[in-house]
Every structure is written in C-alpha cells, then in structure tokens.
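**Student:** Please model the complete structure; the sequences and the hints are all you need to start from.
The listed protein sequences correspond, in order, to chains A and B. With the numbering used here as the guide, the letters of the first sequence map in order to residues 957 to 1265. With the numbering used here as the guide, the letters of the second sequence map in order to residues 43 to 316.
By construction, these hints were calculated from the structure, which means they are not laboratory data. Model, not experiment: these values are computed from the prediction. Hints are not guaranteed to be accurate.
Claimed, not checked - The calculated lysine to aspartate or glutamate pairs, modelled on DMTMM-like cross-linking and capped at a C-alpha distance of 25 Å, are:
| # | chain 1 | residue 1 | chain 2 | residue 2 |
| --- | --- | --- | --- | --- |
| 1 | A | Lys1124 | A | Asp1109 |
| 2 | A | Lys1019 | A | Asp1225 |
| 3 | B | Lys313 | A | Asp1109 |
| 4 | B | Lys307 | B | Glu256 |
| 5 | A | Lys1019 | A | Glu1217 |
| 6 | B | Lys307 | B | Glu267 |
| 7 | A | Lys1025 | A | Asp1241 |
| 8 | B | Lys298 | A | Asp1225 |
| 9 | B | Lys307 | A | Glu967 |
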Amino acid sequence: MRPDNRKTNDEVLALLAEASAVQPPRTLADRVVANATALRPAGRAIESLGGGKRAGAAEAFIKTIDGFKSVLAHAHGNEIVEPYGWSVTQVVAHLTEIDCYFGRQLGLWDHEIDNALEDDHLAMTQSAVSAAVRADFATAVAEWLRVSSAVCDHVASLGSEQLCQRIKLHMLYTRVSTALAVRVFEVWTHTEDLCRTLRRQPPSLDAEKLHLMTTTAVRAIPLGMLLGNIDAGHHTARLVLTGPGGGAWNQPLHLGDEAAEPSVTIVADALDFCRLAAQRIAPADLDAEVEGPMDLANTVLRGASVFAA
Amino acid sequence: MTIRSDCARWFDLEPSEPLIVEYLSHSLRKQGYGSLSDPPGHGQHTYADFDRTRVRIRNGSSTGTVLSKVPGVATKANMTMTIVRPVNTVSLTGPTDVSLVARIAVGDDRALQTVYERHSPLVYGLARRVTASTTHAEEITQEVFVYLWQNPDRFDAERGSLRAFLGALAHRRSVDEVRRNSRRTARENRAGHDASNLDLLEIGDDIERSQTAERVRAAVSCLPEQQRQAVLLAYFGGCTFRQVAERLGIPEGTAKSRLRLGLSKLADLLKGLT
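**Tutor:** Now the structure itself:
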C-alpha cells in the first residue's frame, strides 16, 4: 500500500461507479439466473459438461488401473503402505483378489470366495493378503497384471446396455457402471496410498473422472447413512464441491426421499471430499464451509465416508 | 445382507423408477428401519445421539448455535445462518467473493444469486448512468452476470476484486452501447448525455446510499465545474478525449488536462476510502 494511501486513477474510477449504485428491478434477479442456467446448466463444473456418465465409468476404471500400474513400477514390494500397514506386495495381492472377484461377478470366470465375507471388502481378501507376506513381488505383480488386464479388456468391450445391467458387488446389487465408479474410488485410493509411501506425485486425475467420483460419492450418502446407522432425518443437503471435477447437488439424506429445499450447504474441495468418501480424511479434518446447522453438516460428512478401500 | 442389496438398488436409482422406492420402503420397514415417510428420528441412532457421541466437536457451537436435541430434526433453534469454516474460523459476513466464484465454476446457481444480490446495484446503477436507459441497463446487467456464470475463470482474484471486475465489465458494455447508439443517432440529440445533465447528486433518491457512495458524491461535487464535466463525460458519458473536447468546445489537450486534474483531485479527496 502506498504510504499516503492515495488512490490511483483506476481506483478513483471504480469508486465513481459506487456512487451510481442503485437497486435493479426486483424481477431482474430471476431473469438473470434463468438466462444463465439456460445457457449453462446448473450443477456441473464447466470442464465436466461433455460426455456421459456411463461411458465415462468404463474409461475411468481403465485409466485408474493404468495409473496404479504406473506408480507400482517405482515400488520394490516391501515398502509399508498405510493406513493398513500392508507391504506393497500385500496391497497388490489384495487388488488381485478383488479383481478376481470382480471378474467373477462380471461373468468372466469362476473364482472361489467365502460367501460369509462377501459383504466385507477387506475381510474377503485377508487370507490372500496374509499369504502375500512371503510372496515374491514380481510374481504378485505379474498375477495382478494378468487379472486386471483381462478385466479391463472386458470392461472396454461393454456397450451402454451392458453397463446398465445389474451385478452383485459385495452384496450390493448395482449397475455395472456404478460398480465401476465404486472401483475407481477403490483403486484411486490405493494409488494415493502408494504414492504417499513412495513419496511420488499421484497420476493426474482428469476432471471427467473426478466428476464421476464426486457424483458417486454424493449419491452414496444416503447409503452411508443407512449402513452407518446414522439418522439425519428427512433433510436435503446441498453439496458444492469446488475445483476440477466438482459440481453442485441437492442430495436427500434419507433413502428414497426426493430432493427438497436444502437444510444445510457444505462447500468443500472436490478431491478432498473424495478422500473423505474413501475414509482417508476424517470428517473433522475436512476443510469445508457450512451454511446451516453444524451438527447436521457433521452428520452428513460422517455418512459420506462410505467407501472401503 | 438383504438390506444392503436394497440400498444399492436405490443408490443408482433413476428418478423414473418409483416402484423400486416402494419396494425398498416395504423392505426397510420389514428390517425395522421404518417407513420412508416416517418422521425423522425413527432409525437406530438419532441425530442427537451422534451429537453426543462424537469425539471432536467443531467450533460451530461457538457461533451461538443452540442444539435443540430433537432427534433428527434441525429446527430453527440450531440454525446458525452464518457461514462457518469448521477449522476454527467463523465468518459473519457470508462467503467471500472468491469462494462464490469457485462455486459458480462448478455450477452452483445459488452462488450466482448471492453474487447478484451483492453486486447488481453497482452493475445496474453504472449501466443505467452510462446508457441513460433502464432498458439497456437491465440488458447489460444480465449480460454481465451471465458472462460471469459462463466464464468464471476469467476472474482473477490476484488482479483485483470481483466488484471491480464486474464494474469494469459493466462499464465496458455500457460504453459500447453508448457508442453503438451514437452511430445511429446524432450524439447532440441524445437527451440525458449532455454534460450538464450528468449530475451524480441527482441519482438514487430511491436507493439506500452507502457511506462510500455518499463520500464519492460529495467528492465529485467538490470538483471545479470544468473538471467535473470532463470526468463525468469521460466515465459516465463513455466519451473519448476527442469527444469530451467536442462536447465542451475546448481543445483536446485541455480536455485531457482537465480530466487528469479532476482525477487527481478526486484521488486526494477519496484518500483512505476503500
């Protein structure tokens, strides 16, 4: 700031504009918003406006697998990856087991599982993870590459009708496209975990893929509420996730409700919200702006932490 | 296990699948989760339960929030109606313009409404002053906010405030409008754009004046008449130096000089004003 706090010509001209401020006609506000949203629909980030969700899910899944592969190339196998304290080899064994299971659910092959553990993403791979303590890293990676490549080839061949078909994933009957979006979350989370261990930059995340993840995370909130035995009543939350891949959603918190006037608005970074959904950021640690009751906001954020990876 | 399956059916439910909602509702009742139309708080754990059991409570309660402890119901008693940043900072002035533009970038139409409420008097008033037309002022106001909605990335907070950005947009569009009109109509015939009519002090009897606006008006009224005319013609009349000179019947150099002196004097008079 200049010592005498004197205005520049530009600043003077800006102040001149203040002198002419006057309330516009009341009806103009509605027209402005209506015209704006007619030209660019509300709810989606500018860079996410192209492409359909379902076609994007398959592509995003394949890219996410590729991203994990690229990071894996820098590992030796014995590094410890948090939050589970597994070695990289064990993480690979976990992913191999999940990909075998996913391929089975897609109808690619038979694969024996313990039905009692099918609803628990971590428990169902525990024996494979334990066995991988003594496994050779190169062999484990080769096996995962074989399985994941077969899954990716199959996913790449799916048409829009097949992507709409329902499959069972961890006891959840869901569309193939939704299952892929959930798996994008899972593999992306493991990739970030691995990057933290290896002190490497995570692979770039394009806005379309991130938008798929944010959409999935927001729509899963009522499910998270129910599975977590959290009752937020019949409220609607407005989630505004900023940055590339973000968007704005009015999300009912109770299963089956229609969206209503939001009781609370939560504004957070899109990527951080995905980390929250994948349980890599605790609700209390998410940097967010809240309009409305804080306790409801905290409840929403707890319900949003729904994906195990 | 069954309940999980049903949940997933809802999870990727399309709005056109009401039957699945009904099925789910029935199934949830069987599982003891209550009907979809049950009052809030019917579930296993209530909203208030969570509030009592959570380990970390944000500083939201320090904003004066009164928790109603009514299970599952956010009553007016616990509405803070302020913007609260959970990491221990509380803003009583609402979201910042920078935050609102980030929200506009991801399609938050409510953020656009807030920006409009905050800045439309400036945009509309400036456009009305420059074009001397309420019709054009409304059109320009629409153009400015629609432009922001479609091009939020054009705003760079490091280069200035959003208010200045919108003001500059409004001014540029308004001047363009005036110049378009001047090509159609002999400028001399345009009532309302004669320098003698550009009286800032006449504006806004119907509006609530801010302290800033009052000080600016007072400062403008303190300028010598010749400088005042030059400043107002250039800024609110959308005139070039040459046009100011023609309008006032003076050489172009004199017009430049009066404008420079006028702005310099205003800078002194407005010292300290933000």
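**Student:** To test your reading of the hints: which numbers does this structure violate?
**Tutor:** 3, 5, 7, 8
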